[in-house]
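Protein sequence lines correspond, in order, to chains B and A. Just so you know, the first sequence maps onto residues 1261 to 1634 in the numbering used here. Just so you know, the second sequence maps onto residues 1261 to 1634 in the numbering used here.
Derived by calculation from the structure, the hints in this document are not laboratory data. Hints may be right or wrong, so weigh each one.
[As the list claims (entries may be wrong)] Distance condition first, Cα-Cα at most 20 Å in a straight line; then the derived EDC-like pairs of lysine to aspartate or glutamate:
(1) A/Lys1398 to B/Glu1566
(2) B/Lys1398 to B/Asp1445
(3) A/Lys1398 to B/Asp1572
(4) B/Lys1398 to A/Glu1566
(5) A/Lys1398 to B/Glu1581
(6) A/Lys1398 to B/Glu1374
(7) B/Lys1398 to A/Glu1581
(8) B/Lys1398 to B/Asp1450
(9) B/Lys1398 to A/Asp1575
(10) B/Lys1398 to A/Asp1445
(11) A/Lys1398 to A/Asp1339
(12) A/Lys1398 to A/Asp1450
Owing to the predicted nature of the structure, the values given are computational and were not obtained by experimental measurement.
2 protein chains.
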Amino acid sequence: MPYGFTDIETPVPLVDLDRLSVNLDRMAAYAALHQLALRPHVKTHKSARIAAEQMRLGAAGLTVATPRELQVMSEVTDDVFLAHPPLGAKIRRVLTFAEDVQLRVSVDSHIAIETLGAACRQRDQTVDVIVEVDLGMKRMGVTDPNDVVRLAGAVRRQPGLRYRGICFYPGHIRMNVEQMDSHLDTLSGDLRQVLETLDHAGLAAEVVSGGSTPAAFRMHHIPGLTEIRPGTYVFNDRDTFTMGACTWEDCALTVLATVISDAVPGQVVVDAGVKALGREPIRVSEGGGYGAVLDHPEVSVARMSEEHGILDISDSLWRPEVGEQVRIVPNHACIVTQQFDAMLGVRGDIVETWWHVGARGRHSPELAPPPLSI
Amino acid sequence: MPYGFTDIETPVPLVDLDRLSVNLDRMAAYAALHQLALRPHVKTHKSARIAAEQMRLGAAGLTVATPRELQVMSEVTDDVFLAHPPLGAKIRRVLTFAEDVQLRVSVDSHIAIETLGAACRQRDQTVDVIVEVDLGMKRMGVTDPNDVVRLAGAVRRQPGLRYRGICFYPGHIRMNVEQMDSHLDTLSGDLRQVLETLDHAGLAAEVVSGGSTPAAFRMHHIPGLTEIRPGTYVFNDRDTFTMGACTWEDCALTVLATVISDAVPGQVVVDAGVKALGREPIRVSEGGGYGAVLDHPEVSVARMSEEHGILDISDSLWRPEVGEQVRIVPNHACIVTQQFDAMLGVRGDIVETWWHVGARGRHSPELAPPPLSI
Chain B
1261 MPYGFTDIET
1271 PVPLVDLDRL
1281 SVNLDRMAAY
1291 AALHQLALRP
1301 HVKTHKSARI
1311 AAEQMRLGAA
1321 GLTVATPREL
1331 QVMSEVTDDV
1341 FLAHPPLGAK
1351 IRRVLTFAED
1361 VQLRVSVDSH
1371 IAIETLGAAC
1381 RQRDQTVDVI
1391 VEVDLGMKRM
1401 GVTDPNDVVR
1411 LAGAVRRQPG
1421 LRYRGICFYP
1431 GHIRMNVEQM
1441 DSHLDTLSGD
1451 LRQVLETLDH
1461 AGLAAEVVSG
1471 GSTPAAFRMH
1481 HIPGLTEIRP
1491 GTYVFNDRDT
1501 FTMGACTWED
1511 CALTVLATVI
1521 SDAVPGQVVV
1531 DAGVKALGRE
1541 PIRVSEGGGY
1551 GAVLDHPEVS
1561 VARMSEEHGI
1571 LDISDSLWRP
1581 EVGEQVRIVP
1591 NHACIVTQQF
1601 DAMLGVRGDI
1611 VETWWHVGAR
1621 GRHSPELAPP
1631 PLSI
Chain A
1261 MPYGFTDIET
1271 PVPLVDLDRL
1281 SVNLDRMAAY
1291 AALHQLALRP
1301 HVKTHKSARI
1311 AAEQMRLGAA
1321 GLTVATPREL
1331 QVMSEVTDDV
1341 FLAHPPLGAK
1351 IRRVLTFAED
1361 VQLRVSVDSH
1371 IAIETLGAAC
1381 RQRDQTVDVI
1391 VEVDLGMKRM
1401 GVTDPNDVVR
1411 LAGAVRRQPG
1421 LRYRGICFYP
1431 GHIRMNVEQM
1441 DSHLDTLSGD
1451 LRQVLETLDH
1461 AGLAAEVVSG
1471 GSTPAAFRMH
1481 HIPGLTEIRP
1491 GTYVFNDRDT
1501 FTMGACTWED
1511 CALTVLATVI
1521 SDAVPGQVVV
1531 DAGVKALGRE
1541 PIRVSEGGGY
1551 GAVLDHPEVS
1561 VARMSEEHGI
1571 LDISDSLWRP
1581 EVGEQVRIVP
1591 NHACIVTQQF
1601 DAMLGVRGDI
1611 VETWWHVGAR
1621 GRHSPELAPP
1631 PLSI
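Take the sequences, apply the hints, and build the full model.
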């Protein structure tokens, strides 16, 4: 039964269903237009329901980062990319879910290739493998095209592993979209070198997977790319907005909070702090606070404690009263959903539905003790 | 059955049981020695099992910040302080649990007093009320002693509310302990003014509640204080250590992580990022990273993504291999437990037990839809 916001205990994440729908459609249409496979990263929503909607709109499969995300998404599709090398006790658990889906994993080391290959042979399973390449992010992945060839060759020599291609994450391309194109040119040049070196070695990449939300709609400018993996686009957030990659009206996720104090002059305190919003900076500018009020974007969350968010109202005429509800656009949507077990789907001022953040956390509730690998 | 670390899927929080025990005993002994009531804040562990141990060691009651913490802790003790003003839909839920416990809440506004009083009368319940005073933190609480008197008087005039005293949070006293005493002198002077003004108005505070972990062991220097509410002391963390309020060996909580990449020179990547460690700064110094390796404190988590932590090994001779496990002392323990559903209790290299982070999240699992107030 639909109900209004005043019945809701705060803090809680609200998803604007109309905005979500626009965001989902826009990316699906872009990928279809440019014949890029769309493999959304579910880290942003961690919800089987939203993932199913992404699949319905034409996604080729899903991208995940954790075994728990893999577990939940294996109920949604049979084509999942674990874009995080499984090592140690994770391997066993990951291969358990690989019985239900065509699993693809990324690797960037010989140790990951050897241990995964051995585990696959022991269980008589086959897993698709993608070699991760670093094109400027300096997080994961090898840079030298000859190292890419060495890893790809090692994958091909491991029974139990099937070499499919390469992936990269262009998360460093986060500045204003105006500056983006020159960075994409550099990236395209580096990528071309990698692809040519693989071709010459007889290890041509069938899959060339890249993409993040800020650069997503420029991905058709990268020659050779076959697939994109944006995550944040479903909700967008204040960071995406600040770098110019979406409008304020594209921000579909807010945290509903309640004003609990106006005792200290120049500020009001809401009940959403680090344990609701996360302490994520605006990456293109310093000192921008940790979120802003949806209807008063000039008011930011200037400071936080764990369960307190301090709104700086000194630059605003708005004076919310104690007890009043406010909606906050978070800097980074993916950190917000991680803090909660459920999201509410709203249209206007009415709550229409709710979803579990089912892939949050690390382990199946049914496992005891949960942190043990099954 | 005890088991070793290599069976554990990472990332996961480990609690060193010996260190936890030392931390719990030390604070209990301090409070007993100085005849201060100890009312630990459970936000740090959110675990009924650790809270029960705090009660067994002589705690007068527990402090909580959320209705979910109140719900879980109402099974542990019948004396709970909700140090967060309940407003809006929260009031109903909070009063439901107040049937099982002697509930005490903090307020700093007339609106909070009036709405809570009305709800109590409607349900024929009585709640203890503490007026929050600001002694320099500039977060919650009134500063002017006459405003404290006005709020205390308003509480006394509300049937359903029982005026008990005042509280404050000295969270701004976070610098090196050497500088702490002069700040405590200022705070003590301000507090004396408040207490005298209340006395003259016939509103003497029976409860005078303060205390945080960094300043905890100096609290007996504050005249008039009756109670302390430290939270972080159970685990301590890199922030507590950096400000000189504990030793490295007092840090009981670590995040067990696995090295997943060494492809980029000068760094290794572990599978603990923002969604395991939180993005909490070291507050007494900038640029200190987001955690440090337990056995190699010179190695910090220099950068993070959601599921990646980048260890800067350029100042260390230590060269961990891909697949190796590392233990990271987080900057802020309270944010780590919030990310997980369970913690493992370890002694040496052996896992002896595990606990649910039962008060994590916002709502009872049995509520559907969970975000609705009951």
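So, going through the hints one by one against the coordinates:
Straight-line distance between C-alpha atoms of A/Lys1398 and B/Glu1566 comes to about 15 Å, which keeps the hinted pair within the 20 Å bound. The straight-line distance between the Cα atoms of B/Lys1398 and B/Asp1445 is roughly 18 Å, inside the 20 Å bound, and the hint therefore holds. Taking the CA atoms of A/Lys1398 and B/Asp1572, the gap is near 12 Å; set against the 20 Å cutoff, the hint holds. Taken as a hint, the B/Lys1398 and A/Glu1566 pair is honoured in the structure, with Cα atoms around 15 Å apart against an allowance of 20 Å.
Taking the CA atoms of A/Lys1398 and B/Glu1581, the gap is about 18 Å. The hint holds against a cut of 20 Å. For a cut-off of 20 Å, the pair hint linking A/Lys1398 to B/Glu1374 is broken: about 56 Å separates their Cα positions. Between B/Lys1398 and A/Glu1581 the alpha-carbon distance is near 18 Å, which keeps this suggested pair within the 20 Å criterion. Distance hint between B/Lys1398 and B/Asp1450 is fulfilled; the C-alpha atoms sit about 14 Å from each other, no more than 20 Å.
Under the criterion of a C-alpha separation no larger than 20 Å, the hint pairing B/Lys1398 with A/Asp1575 is consistent with the structure, at around 18 Å. Proposed proximity of B/Lys1398 and A/Asp1445 is contradicted: the alpha carbons are some 49 Å apart, above 20 Å. The straight-line distance between the Cα atoms of A/Lys1398 and A/Asp1339 is roughly 28 Å, outside the 20 Å bound, and the hint therefore fails. Of the pairs offered as hints, the one joining A/Lys1398 and A/Asp1450 holds, with about 14 Å between alpha carbons and a cut-off of 20 Å not exceeded.
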